[in-house]
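Visitor: Residues per chain, in single letters:
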Amino acid sequence: MSGANRREGWGTRVGVILAVTGSAVGLGNFLRFPGTAAEYGGAFMIPYVIALLLLGLPIAWAEWAMGRYGGVRGFNSSPGIFRIICNRAKGAPYLGVLGLLVPVMIYTYYVFIEAWCLGYAYHYLAYGFGWDSSNPADQGFFGSFIGNNADGELFMHPAHPTLVFLGICVVLNFVLIYRGISKGIEWFALRAMPLLVICAIIIVIRVLTLGTPDPDKPDLNVINALGYMWNPVYGGKSLWVSLQNAEMWLEAAGQIFFSLSVGFGVIITYSSYLKQRDDIALSSTTAVAGNEWCEVALGGMMAIPAAFLFLGAEGAGGSTFSLGFTSLPKVFLEMPAGWVFGFLFFFLLFFAAVTSSISMLQPAIAFLEEGLGLDRKGSVCLLGFVTIIGTAFVVYFSADTKALASIDFWVGNFCIYVLATIQVILFGWVLGLKKGFIELDSGAELRIPRFVGFIIKYVSPVFLIVIFAVWVAQNFGKYVDQFQQDNIVRWSLMLIGLFLVFFVVLTMQAVKRWERQEQSERAEGGASI
Amino acid sequence: MNLGGWIIMIASVGGTTCFLAWCIYRVMRKPKHRELHSTLDRPPDMNGEE
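Which chain is which? The protein sequence lines are A and B, in order.
Reading the first sequence from the start, the letters are residues 1 to 529 in my numbering.
Reading the second sequence from the start, the letters are residues 1 to 50 in my numbering.
Chain A extracted, bound-state conformation (with noise of 0.2 Å):
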């Protein structure tokens, strides 16, 4: 297919980069990242940062190269961009179903996420203007806002303040996404990105200019706070103790990689809508230097020492959940203003995760017009209702999150880990590493180093297939279990199963169309010589 001719196409190159950002910033780096750095002590930064230059960086690098590659020749898609790199092989489209399940599926329990952020950042609101009395430190209003006692709670009532959440960033996300590249995506990444920053940063200097809140417990002051979140000496281990721990710098593999969002196919279909002139190689790296600086720097700052301040260890430790929705509005109700600070928080929250779920939208808006020639209307229907069965799944299914962790589990882990495995073989293997630096290269403004083509076909493979290997030996063993005993489980996975399906036949489909087409354009430069 020689592309198509009326393509869209990102309008500026800070809007692209802040795209892409907005994409990989997300609740990890503001929850999960401080949660999982605390857990170890300031070394873990050591294995972060090794990750970041083995892992990160190049992944990023090889997919937006292929995202480009694709795009040059007329494909926003996984399915069309493998095949394309692969010469047209009969199997490669079906590898890149993958590019497609992966952020469908996260987008159904994501979405569900982001409603609980606008709806904290709400009740702050009213909680400060007097509209609502009820704060979110409140006991059990996590429980009860997520429906996590009972399957169906949500249900009950026939308008419950989450779904009214959850309607309006799901209309927001498809509004977004119907208005296209340029003018949704962009445009809400221009403003919401910066509007991000700021939020984070008053928190940041709120939080760092706390002293010593209660007098009565001097220990718990911000120099202490930072401490527990960099100190390397952790838990009575030397620095050198704690990095010959395997569990350590498994974790901190994954937080790059899950952090960055490479293996998702969101940055492969973004990268695809650029021009063979534009620069990738240095609008890569920025996107990367941005999700770094907005993980490190703003996400380490604020809520691990916030709740150490007031909540002590004890309280800065648990899951990214229990952090977030539980412990620190704990801390808002200590803190001076906290209802002003715990709107931004999860205001920062809820930006983060739309700029992140319209791009998980993207790949199979793509798709559906590419490979079945619908047009942007189609699509966003077509899209709107298969994502509303997944998201209703999860809503429903909410006791104790089973179907959203399950689904987390095999997708946002697991087909993750796969699809970045076979991206970065991809690239290194079978466009090869000639082809995949003449596309880096190619209107570059930053020279990639060429030892990063070794690290891109050996280094990176193994260091995926290794942490894989690790993660589904710790993993694996519990899940089958839970398989086995539990109804939701299993139903997840049949969901996950159904979705993989459609998928795969819209792809059969999209094949026999993208053939069609390039047998009548053979035909018609046989015609025109």
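Don't take each hint at face value.
As the list claims (entries may be wrong) - Simulated restraints, written as ranges between beta carbons of each label pair:
#1 A/E518 with B/R26: 58 to 68 Å
#2 A/Q244 with B/N2: 41 to 51 Å
#3 A/L208 with B/R29: 30 to 40 Å
#4 A/R191 with B/W6: 29 to 39 Å
#5 B/R29 with A/F451: 24 to 34 Å
#6 B/R26 with A/Q244: 32 to 42 Å
#7 A/V171 with B/W6: 42 to 52 Å
#8 A/G211 with B/N2: 18 to 28 Å
#9 B/M28 with A/L239: 35 to 45 Å
#10 B/Y25 with A/I205: 21 to 31 Å
#11 B/M28 with A/F451: 26 to 36 Å
#12 B/R26 with A/Q519: 42 to 52 Å
#13 A/I50 with B/W6: 15 to 25 Å
#14 A/L333 with B/R26: 37 to 47 Å
Stated by the list, open to error - Computed far set for chain A versus chain B, every beta-carbon distance over 12 Å:
#15 M229
#16 I465
#17 A469
#18 Q482
No lab work stands behind these hints, which were simulated from the structure alone.
These numbers were taken from a predicted model, which means no experiment stands behind them.
Virtual Cβ for every residue (Gly too), placed ideally from N, Cα, C.
Starting from the known structure of chain A, arrange chain B on it as the hints suggest.
Guide: Chain B only, in chain A's frame:
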């Protein structure tokens, strides 16, 4: 907070800040000879396809 904590915090926060600042500087700086890198809108292997 001990000395190691200060060093890691300053290196991490400072390092990511400098990395981003350097990238922003490079993005904002107008390339002097942009055409030297690429004058192509279409890659060489696609020339003549239409």
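Visitor: Hint by hint, note whether the structure agrees.
Guide: A quick look at each hint next to the structure:
1. At about 39 Å, the CB distance of A/E518 to B/R26 disagrees with the hint of 58 to 68 Å.
2. About 20 Å separates the C-beta atoms of A/Q244 and B/N2, a value inconsistent with the hinted range of 41 to 51 Å.
3. For the pair A/L208 and B/R29, the supplied restraint of 30 to 40 Å holds, since their beta-carbon distance comes to about 32 Å.
4. Separation of A/R191 from B/W6 is about 36 Å and conforms to the stated range, judged on CB atoms against 29 to 39 Å.
5. Restraint check, B/R29 to A/F451: a C-beta distance of roughly 25 Å satisfies the suggested window 24 to 34 Å.
6. B/R26 and A/Q244 have their C-beta atoms about 38 Å apart, which keeps the hinted 32 to 42 Å range intact.
7. For the pair A/V171 and B/W6, the beta carbons lie near 47 Å from each other, so the given range of 42 to 52 Å is met.
8. Between A/G211 and B/N2 the beta carbons are some 20 Å apart, a value that agrees with the proposed interval 18 to 28 Å.
9. Remark: the range hint 35 to 45 Å for B/M28 to A/L239 is upheld by a beta-carbon distance near 38 Å.
10. Distance hint check for B/Y25 and A/I205: the Cβ-Cβ separation is about 24 Å, which falls inside the suggested range of 21 to 31 Å.
11. For the pair B/M28 and A/F451, the beta carbons lie near 28 Å from each other, so the given range of 26 to 36 Å is met.
12. For B/R26 and A/Q519, the Cβ-Cβ distance of about 45 Å falls inside the hinted range of 42 to 52 Å, so the restraint holds.
13. In this structure, A/I50 and B/W6 meet the distance hint of 15 to 25 Å, their C-beta atoms being roughly 21 Å apart.
14. Remark: the range hint 37 to 47 Å for A/L333 to B/R26 is upheld by a beta-carbon distance near 44 Å.
15. For A/M229, the condition that its CB be more than 12 Å from all CB atoms of chain B is violated, with the nearest at approximately 8 Å.
16. No Cβ of chain B comes within 12 Å of the Cβ of A/I465; the nearest lies about 28 Å off, and the non-interface call holds.
17. Every beta carbon of chain B lies more than 12 Å from that of A/A469, the smallest distance being close to 29 Å; the non-interface claim holds.
18. The Cβ of A/Q482 lies farther than 12 Å from every Cβ of chain B, with a closest approach of about 36 Å, so its non-interface assignment holds.
Checked against the numbered hints above, the structure violates hints 1, 2 and 15; every other hint is satisfied.
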